[in-house]
Amino acid sequence: MSDATSGAHVAHHFDNAEQQFSSAKLGLWLFLVTEVLLFGGLFVAYIMFRALYPDMFAEAHHHLNKVMGGINTVVLICSSLSMAMAVHFVRDNDRVKAVKLLSFTFLCGATFMVIKFFEYKEKFAHHLFPNGSFDYSAFTHKNANLFYSLYFIMTGLHGLHVLIGMGLIAWVLIRTRRNNFSSEYYTPVELTGLYWHLVDLVWIYLFPLMYLIA
Amino acid sequence: MSSNKKHDHRKTYWKVWASLIVLTIVTVWTSYYDFGTLNIVVAMLIATTKATLVALFFMHLLYDSKVDTVVFASSLVFLAIFVGLTASDMLDRYVPQPVKVAASGDNDMGDVAKLAKPSPELIAQGKTLYATNCASCHGDSGMGNGPAAAAFNPKPRNFTTGEWKQGGKPTQIFQTLTTGFNSMPSFAALPAEERWALVHYIRTFSPNRPEDSAADITALAAKSGSGAAHIPVRLAMELSAVSEAQPTYDIRKSAIDATSEGGQLYQTRCASCHGDNGQGGINVRVLGSHPFSYLATQSFAGNHAAWTTNMQEFVRINSLGLPGFGKPAINDLTPAQWQSLYNYVQQLAGIR
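Chains as they are written, first to last, in our numbering: chain Z, 4 to 217; chain B, 16 to 367.
The hints are simulated quantities; they were obtained by calculation from the structure and are not laboratory data.
A portion of the hints provided could be inaccurate.
Stated by the list, open to error - Residues on chain B that point at chain Z, a partial pick, calculated with CB under 10 Å: (1) His24; (2) Trp32; (3) Thr42; (4) Ala66; (5) Met74; (6) His75; (7) Leu77; (8) Ser80; (9) Asp83; (10) Val86; (11) Phe97; (12) Ala102; (13) Asp123; (14) Ala165; (15) Pro169.
What the hints assert, rightly or not - Where chain B lies over chain Z, by a calculated footprint (3+ residues, C-beta under 8 Å): (16) 47–55; (17) 81–89; (18) 104–115; (19) 132–139.
Cβ atoms here follow ideal geometry from the backbone N, Cα and C, with glycine treated the same way.
Work out the full structure, taking the sequences as your base and the hints as a guide.
Next comes the structure, spelled out in structure tokens:
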């Protein structure tokens with residue numbers, strides 16, 4: 004246990020750096036709770052509509068690309084590993100490795116978004132975006148647009164989280180290179196890591212629910 | 016601060032990563048096989064295992080202060096409440112299950128040669144029918160701006176623009192009404208004459224009124240079938256035949272006064288669908304369904320729905336109707352009439 008003398012600035016309302024660190028972390032966990040509930044609302048909508056129209060969901064999801072979705076799942080899992088490793092090396096004062104791993108994580112996020120971009124592009128090309136030009140004739144069920152509304156809003160919100168996560172990773176990456184962090188103080192890296200893992204966690208559910216329903 | 020937990024988890028991270036990859040492969044692989052409802056169960060079990068691994072190891076919940084775990088778990092509790100309450104509402108809702116019937120009786124077109132020509136009587140009849148059947152979507156003055164219009168894409172047609180996607184000749188509109196068109200429901204449930212009346216009435220909104228040629232009329236008349244419309248009804252009766260024995264009404268019947276105001280209202284407004292004694296079992300055509308489907312009304316007796324003891328609910332059900340399921344919305348009764356109708360229906364249901 005170390006205190007204010009060793010690098011980190013401890014605000015006056017904390018006893019020591021450790022207490023400050025766990026408070027920051029608790030704060031982030033509280034934020035993650037609100038995130039779970041934010042996505043939760045959409046998952047509830049998904050569950051209810053799926054219970055109402057199981058056949059429509061089964062039919063509509065066939066237009067999603069399992070391979071692309073699967074690759075993206077793997078990409079996010081790898082990025083979660085490299086993020087966890089990056090936190091480890093920051094804490095271990097191994098700046099070079101940490102920077103490499105953070106860069107890798109960032110690239111994974113970018114890869115995810117590029118693949119997502121091509122998926123969206125294909126959906127737009129086939130008129131599967133639920134606006135005025137939605138192609139109802141591609142489905143036997145009249146309300147297939149509902150599935151696509153859920154698909155776009157849920158993966159869209161998730162994609163937004165990926166982008167924000169990438170921004171945070173870029174920020175801690177720069178700060179790591181500037182040697183701002185050490186085993187004594189690495190709160191931003193740790194918290195960015197938690198946020199990034201939550202983004203992975205949401206996708207872990209989105210992937211089977213959107214792409215793999217039978 | 017971290018000096019006391021300088022545990023090196025790198026090996027664990029690699030193991031977790033490998034497990035996540037393997038689980039992803041498994042979940043994709045199982046999705047190619049059909050295990051019925053088991054598919055979703057398996058997929059969710061795998062997803063939850065993966066999520067738990069991520070939370071415990073990558074997110075350090077296993078190593079960290081238990082407070083974090085409690086906080087995170089609380090989100091799952093709230094999520095469960097969220098899902099549970101919503102589901103209990105949704106599952107509680109009254110969703111009638113139509114019976115699908117393969118045969119189609121769409122080709123009863125009435126006396127085409129006569130009805131394809133507008134007459135003041137037909138237009139007047141069409142006006143009344145329009146207000147009950149169409150205005151909710153197409154608006155009182157045919158501008159496509161009824162209260163339900165917002166829900167549609169494409170929007171209900173604004174007849175005053177003169178645009179017809181399916182053609183504006185009377186025979187063409189008649190067919191649109193009969194078969195339905197995208198989200199525009201089929202009105203084949205209405206008798207042919209009423210559909211013709213509607214055709215002529217909505218044409219009065221439009222600046223663009225192409226006329227039928229003699230050939231159009233003969234072509235449609237040629238398609239007009241015999242009494243085919245009766246076949247699906249009989250078929251539907253067989254398909255939806257109620258298996259349990261019908262309750263008998265004889266004992267109560269004498270006590271129930273069908274000549275009361277409520278009784279009169281019931282006999283004129285409800286009996287055609289719910290039966291003279293509320294016994295149900297009558298097939299009501301579901302709107303917009305192709306092929307035809309029918310919904311058999313249920314017996315009022317033995318019903319434990321909220322309306323049986325709650326008049327507000329009764330009035331709500333009847334003033335909303337069941338859009339799309341052929342149950343009309345009733346909005347023209349006075350409170351006293353509602354009361355007497357309710358008393359009467361309660362008697363039929365055996366409550367009073």
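Checklist line | In rising order, the numbers of the hints this structure does not comply with | finding: 7, 13, 14, 18
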